[in-house]
Amino acid sequence: MNQDSQITALQQELATLKRQVTALEDINAIRHLQYAYGYYIDKCLYDEAVDLFADECETYFLNGIYKGKEGVRRLYCTWFREHFTEGYNGPIDGFLLDHLIMQDIIHIDEDGTTARIRARCFMQGGVHRSAPRKVPNFPEQNLEGGIYENIFVKEDGIWKIKVLNYNMLWQADMPEGWAHTEAHLMPLTRTFPEDPRGPDALLDHAPETWPRTRVVPFHYAHPVTGKMWQPVPREKV
Amino acid sequence: MNQDSQITALQQELATLKRQVTALEDINAIRHLQYAYGYYIDKCLYDEAVDLFADECETYFLNGIYKGKEGVRRLYCTWFREHFTEGYNGPIDGFLLDHLIMQDIIHIDEDGTTARIRARCFMQGGVHRSAPRKVPNFPEQNLEGGIYENIFVKEDGIWKIKVLNYNMLWQADMPEGWAHTEAHLMPLTRTFPEDPRGPDALLDHAPETWPRTRVVPFHYAHPVTGKMWQPVPREKV
Amino acid sequence: MNQDSQITALQQELATLKRQVTALEDINAIRHLQYAYGYYIDKCLYDEAVDLFADECETYFLNGIYKGKEGVRRLYCTWFREHFTEGYNGPIDGFLLDHLIMQDIIHIDEDGTTARIRARCFMQGGVHRSAPRKVPNFPEQNLEGGIYENIFVKEDGIWKIKVLNYNMLWQADMPEGWAHTEAHLMPLTRTFPEDPRGPDALLDHAPETWPRTRVVPFHYAHPVTGKMWQPVPREKV
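Chains as they are written, first to last, in this note's numbering: chain A, 57 to 293; chain B, 57 to 293; chain C, 57 to 293.
Everything labelled a hint here was simulated from the structure, so no lab data went into it.
Possibly wrong hints are sitting among the right ones.
Note: identical chains are not told apart, hence a pair may lie in one copy or across any two.
[Claimed, not checked] Capping the alpha-carbon separation at 30 Å, the derived lysine-lysine pairs in DSBU-like fashion look like this: (1) K210 - K125; (2) K283 - K125; (3) K218 - K123; (4) K74 - K216; (5) K216 - K125; (6) K190 - K74; (7) K216 - K283; (8) K210 - K123; (9) K210 - K283; (10) K125 - K74; (11) K216 - K123; (12) K190 - K283; (13) K218 - K125; (14) K218 - K283; (15) K123 - K74; (16) K210 - K74; (17) K190 - K210; (18) K216 - K190.
Go ahead and model the full structure; you've got the sequences and the hints to work with.
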């Protein structure tokens with residue numbers, strides 16, 4: 057091979073390697089973004105959470121869809137913040153809402169501008185007996201388990217949340233536990249503006265929660281067989 | 057340095073870098089594989105879990121060794137699936153078995169075809185009071201902590217589980233808690249085919265479980281001293 | 057572009073890519089180091105934990121600062137080890153102290169020799185009813201949540217812990233739970249050598265713990281806005 061061909065080959069290999077390295081950096085950036093979200097939610101830093109979203113965005117919460125920055129802000133900064141901290145953007149004494157995030161599986165699309173994550177959330181929430189103010193309709197103390205299947209978008213080199221799709225699967229009051237309690241968060245019934253904290257739209261069917269169970273569809277194919285997961289009807293067993 | 061030497065140097069550096077990038081991609085792929093396993097086990101997707109294994113594989117569970125695809129399938133698709141979901145490959149209502157996986161430490165062998173992981177599992181399991189069917193010998197609700205030390209193999213470019221070595225360390229009924237309960241999973245006593253759900257072989261000694269404690273040996277040397285961990289006999293203290 | 061320019065361009069791009077790949081490897085190494093720490097603490101392997109530190113190091117624990125290898129050793133190998141395992145370097149029966157680490161956000165400084173991590177710790181601790189020896193002043197069983205903001209240093213190619221800054225945020229006896237208990241670990245009042253297990257210095261103000269709440273400052277800017285987090289005084293609400 058002559059020098060010109062060798063240089064061309066090197067340039068091509070380097071370009072391939074660059075794309076691979078960018079993808080690896082992107083995976084780390086997306087993991088950090090998802091984890092940063094968890095740390096903000098922990099401490100009722102709702103402005104910071106909303107700032108993680110792209111302008112074109114959606115949040116799925118229970119059976120509600122909050123659309124665009126305005127809808128997402130309504131969920132976090134109106135509903136959650138007014139409900140949990142009476143409007144203060146930060147933690148208040150006696151209120152716990154730890155939002156542990158783990159087990160992230162991230163894939164980046166070929167063009168490098170869209171990414172998907174599956175991640176797990178395990179929460180501890182509650183209000184201390186000493187707290188002067190009780191959060192209405194909030195359990196004294198509970199655990200929650202859920203699955204994220206989120207979509208991220210890269211805009212001007214910065215990854216942002218495009219779709220936050222949180223699937224609350226179970227809640228359990230403590231110490232009674234999951235054998236003795238049902239999820240207390242109920243499906244939403246009204247949209248905005250009828251409900252000033254409501255979503256922009258409702259799903260046709262409210263996702264089932266504990267003691268019902270369901271599989272949150274995987275954004276990725278099976279790592280070995282390459283097949284996408286298909287539900288098996290229970291009556292077929 | 058002349059152009060030929062410069063090109064040769066570039067080719068060598070690029071080859072080194074390629075191996076490093078492949079190793080980084082492999083670490084992500086192995087993490088995803090281990091995490092995917094957790095999501096399948098969560099939801100009783102036992103066919104999908106078994107499909108993650110290489111043909112030559114083993115699963116260590118309690119004091120049993122399940123050998124080859126057939127043995128591994130016997131564990132997941134006969135024992136677990138018949139026991140937990142009466143043979144349905146998916147979640148049933150009122151049955152919780154969340155399988156949180158985290159804290160993974162992954163190392164890839166020099167040849168790039170074998171890898172080892174240490175990871176932690178934290179489980180929440182139980183059966184809701186409303187469930188029409190109680191799982192036999194399964195606690196109403198419990199927590200479990202364990203350590204994986206698994207081995208992966210790359211076959212035709214795809215990482216698969218070669219050895220799944222799960223070390224259940226403690227189980228605790230809730231709300232009694234770990235101070236007041238012992239691990240309820242007992243060592244196995246019979247092998248297949250005498251026990252149609254049994255392992256292919258038994259370990260000489262059943263690994264100890266709570267309230268006994270033990271260190272699951274680390275596949276890696278100490279990150280700073282480079283020494284492999286050696287147990288210190290307790291009588292030596 | 058002539059061959060010389062092409063070769064120069066390739067050399068420069070390769071050098072950039074090398075730095076990126078080194079940073080990616082460093083992030084993995086730091087994650088492993090932090091996770092390895094968790095596995096050692098789990099099992100009372102205090103010598104191994106101390107060996108993860110650089111010679112110039114500090115540990116922040118409660119309101120105490122333990123300085124240098126000697127101070128750090130006093131914390132782990134004098135206080136913890138004598139208190140928890142009567143001096144044995146390893147797990148004893150009936151004593152649980154699982155130290156789950158997750159949700160790590162890692163950044164490496166430009167020069168590649170200093171790194172910072174934010175990570176979360178979720179602990180399960182306790183002493184089994186069958187244990188012949190009760191650990192003094194240690195709860196029968198409890199949960200703990202905390203945040204690490206640690207600093208690492210690379211010395212001779214090996215990452216080590218330079219500053220371990222653990223922020224215990226809440227503790228909850230089980231089954232009473234976080235609504236009904238306060239953190240039981242109290243601020244330290246005396247330094248070494250007056251207290252033979254004491255820290256080298258005390259913080260001016262003891263960090264608040266449950267049912268008080270606080271934000272552990274983030275080492276990183278907001279991933280999208282690029283702003284560093286600033287606390288909002290609660291009276292300003």
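Hints versus structure:
no.	hint	in the structure
1	K210 - K125	within (16 Å within a copy, 42 Å between copies)
2	K283 - K125	between (35 Å within a copy, 19 Å between copies)
3	K218 - K123	within (10 Å within a copy, 45 Å between copies)
4	K74 - K216	both (22 Å within a copy, 27 Å between copies)
5	K216 - K125	within (12 Å within a copy, 41 Å between copies)
6	K190 - K74	neither (53 Å within a copy, 55 Å between copies)
7	K216 - K283	both (29 Å within a copy, 15 Å between copies)
8	K210 - K123	within (19 Å within a copy, 43 Å between copies)
9	K210 - K283	both (27 Å within a copy, 19 Å between copies)
10	K125 - K74	neither (33 Å within a copy, 39 Å between copies)
11	K216 - K123	within (15 Å within a copy, 40 Å between copies)
12	K190 - K283	neither (48 Å within a copy, 33 Å between copies)
13	K218 - K125	within (10 Å within a copy, 41 Å between copies)
14	K218 - K283	both (26 Å within a copy, 20 Å between copies)
15	K123 - K74	neither (35 Å within a copy, 42 Å between copies)
16	K210 - K74	both (17 Å within a copy, 24 Å between copies)
17	K190 - K210	neither (40 Å within a copy, 48 Å between copies)
18	K216 - K190	neither (34 Å within a copy, 45 Å between copies)
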